[in-house]
Amino acid sequence: MADVTFTVDGKKLTAPAGTLLIEACREASIAIPQFCYYPGLSLQAACRMCLVRLEKVPKLQTACTTPVTEGMVVTTESDEITQAPRRKATVELLLGNHPLDCPVCDAGGECELQDMTFKYGAHESLYVEAKQHRDEQQWSPVVFFDRPRCILCYRCVRMCGEGMDVWALGVQNRGVTSIIAPNGGDHLDCEECGMCIDACPVGALTSGTYRYKTRPGK
Amino acid sequence: MAAPTIINNAETLATVPHIFRIGGTEYAKLGTERNGGTRLFALSGDVAKPGVYELPMGYNLKKMIYEVGGGIPDGRSLKAVVPGGSSTPVLLPSEIDIGMDFDQVAKAGSMLGSGGVVVLDDSVCMVEFALRTMKFYQHESCGWCIPCREGTDWLKKTLTRFHAGGGVAKDIDNIRYLAQNMLGRTFCPLGDAAAMPTIAFVDKFREEFEDHLDGKPCPYANQPQEALANAY
Numbered sequence: 000m001a002d003v004t005f006t007v008d009g010k011k012l013t014a015p016a017g018t019l020l021i022e023a024c025r026e027a028s029i030a031i032p033q034f035c036y037y038p039g040l041s042l043q044a045a046c047r048m049c050l051v052r053l054e055k056v057p058k059l060q061t062a063c064t065t066p067v068t069e070g071m072v073v074t075t076e077s078d079e080i081t082q083a084p085r086r087k088a089t090v091e092l093l094l095g096n097h098p099l100d101c102p103v104c105d106a107g108g109e110c111e112l113q114d115m116t117f118k119y120g121a122h123e124s125l126y127v128e129a130k131q132h133r134d135e136q137q138w139s140p141v142v143f144f145d146r147p148r149c150i151l152c153y154r155c156v157r158m159c160g161e162g163m164d165v166w167a168l169g170v171q172n173r174g175v176t177s178i179i180a181p182n183g184g185d186h187l188d189c190e191e192c193g194m195c196i197d198a199c200p201v202g203a204l205t206s207g208t209y210r211y212k213t214r215p216g217k
Numbered sequence: 000m001a002a003p004t005i006i007n008n009a010e011t012l013a014t015v016p017h018i019f020r021i022g023g024t025e026y027a028k029l030g031t032e033r034n035g036g037t038r039l040f041a042l043s044g045d046v047a048k049p050g051v052y053e054l055p056m057g058y059n060l061k062k063m064i065y066e067v068g069g070g071i072p073d074g075r076s077l078k079a080v081v082p083g084g085s086s087t088p089v090l091l092p093s094e095i096d097i098g099m100d101f102d103q104v105a106k107a108g109s110m111l112g113s114g115g116v117v118v119l120d121d122s123v124c125m126v127e128f129a130l131r132t133m134k135f136y137q138h139e140s141c142g143w144c145i146p147c148r149e150g151t152d153w154l155k156k157t158l159t160r161f162h163a164g165g166g167v168a169k170d171i172d173n174i175r176y177l178a179q180n181m182l183g184r185t186f187c188p189l190g191d192a193a194a195m196p197t198i199a200f201v202d203k204f205r206e207e208f209e210d211h212l213d214g215k216p217c218p219y220a221n222q223p224q225e226a227l228a229n230a231y
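Residue numbers (numbering that gives the first Met the number 0), protein chains in the order written: chain L, 0 to 217; chain G, 0 to 231.
Note that these hints are calculated values from the structure, not bench results.
None of these values were measured; they are calculated from a predicted model.
Backbone N, C-alpha and C define an ideal beta-carbon position, used for all residues, glycine too.
Among the clues, some could well be false.
From the structure, some residues in chain L lie toward chain G, with a derived Cβ separation under 7 Å [stated by the list, open to error]: (1) ALA45; (2) LYS58; (3) LEU125; (4) TYR126.
Covered stretches of chain G (chain L as the covering partner; in silico rule of three or more C-beta atoms under 8 Å from a C-beta of chain L) [unchecked claim]: (5) 134-141; (6) 182-196.
Restricting the straight-line Cα-Cα distance to at most 25 Å, the calculated cross-link-like pairs of lysine-lysine (DSS-like) are [what the hints assert, rightly or not]: (7) L:LYS55 x L:LYS10; (8) G:LYS134 x L:LYS130; (9) L:LYS130 x G:LYS48; (10) G:LYS61 x G:LYS48; (11) G:LYS134 x G:LYS156; (12) L:LYS130 x G:LYS156.
In isolation and in its complexed conformation, chain L is listed as follows (with noise of 0.2 Å):
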C-alpha cells in the first residue's frame, strides 16, 4: 500500500497506509502501553492502556485499533492521556484487584503491569473493601493459573485459540467476575505448549518446572 505521513508527537513519521497506529510507532522507536494487544493476534481493545489523542477526534482513541491515515496528527503522552483520570487511573484500577504478591510472583521483575506502574505511578491505594480472591489451580502438570494476579488481556485465549490453533482456553462469567478458564472445565485439552504462560504479560499462568522454584533471570 502507498506510504502515508502523519505526526506523532511532532515526529514525522511514514509508513503504509493501514499499518496500525502501534505498530507504526513502534517502528519509529515511540513505545505505546500495552497490555491486550500482542502483535498478529487479532486486536482486542479491551485494556484501554493504548488510548491516544488524535487531533480533531473528540474521544481518545485505541491506537492498537488505528489504522495510520495522511496527515493524522497524534499525541501519545500528555497529562491529559497519562494522568488520572487516564492511563494512570487504568493502572490503579487493575490493581485493585491484584494481589500484589511482586516479592514471591514468578513474573516479578518481568511483569508489564510492575512496569506500568512504575512508569505511571499509580502508588496509592484507593479502596478499603477486600480484594476479589480466587485459589490457584492447575490445569495440567505444567499450567498453573492465579486469577489474582490475572488481568483479563485475553493474550492466552487469543495465543491459544488463532496462535496455536488448540482453542483450549476460554473465559467464563462476565463482569468482575469474568475468569479465563480451560474450555476443558477444570483441565486443558492440549499438548501442552507453554505459549499461553509466554504470552501472559503478568503471573497469572506459571509453569510448574519453574513456579517458585527460582527467580527471573536466573
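Guided by the hints, dock chain G onto chain L, whose structure is given.
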C-alpha cells in the same frame, strides 16, 4: 457496505402511521425546530400518574411532571429529576424549566437519552439512588475492558459501604474520581453511562453525601421511597 443501515425500535415504528396520516412536514411541526415530531416519555417515580406519554418534542419538563404526571403525591416536594434514563445526569428542581428536546436538555447539562423520566421526591436518599444506579451498571458490565469492569465494581462496593455509614470524607472525592476515570475510556458506552450520573450525584448532592459521614445512619432510612422502588 454501500447501503445505509437503519435500526428501528418500537418507538420509531409507532410514529410511522402518524407520519403517513398527516405527512412528514406536519409531523415535524409537532416538535421544536431541530427536534421534530413526538417522543414517548416514560414518566416514573414519585408522580401521581406515572405512565408512558407521547408528547411533542420540546414539551416543558415542569409541565410534564406537574400537569401530565399530576405532580408529586402525598404533599411532598421535588428533589431531583433524572431526565432521560438512568445514565443521564440528574437535574435539580431549579433546572427543570426546560423543553424536553435533545438540544435544550443538553444545554441544561444532561441528556434526553431514552426519554425515561424518573421523578424523585424529598424522601429519596441520593446516595442510595446512586448506589442503586451503580448496582445496575455493575451487574450489566460484560467485563471486556478494564475501566468499566473494575470501575463499576469498586464504585458499587464503595457506595454500599458509604451508604451503610462506613464512609470517610475522602470517599466522596474518590467516588467522583473513579467515575471520572471511566468516562470516555471504555470500549462501549456502558462505562460512560455509569460514570455520568455518578459524577452528577456527587456534584449536585455533595451535602447529602456528607450527611452520611462519621457512621451516621442514613437520614432518609425510614422514609417511604416509592421512586426507588419503581425506578428501574
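ask   = Which numbered hints does this structure break?
value = As far as the earlier hints go, only 9 is violated by this structure.
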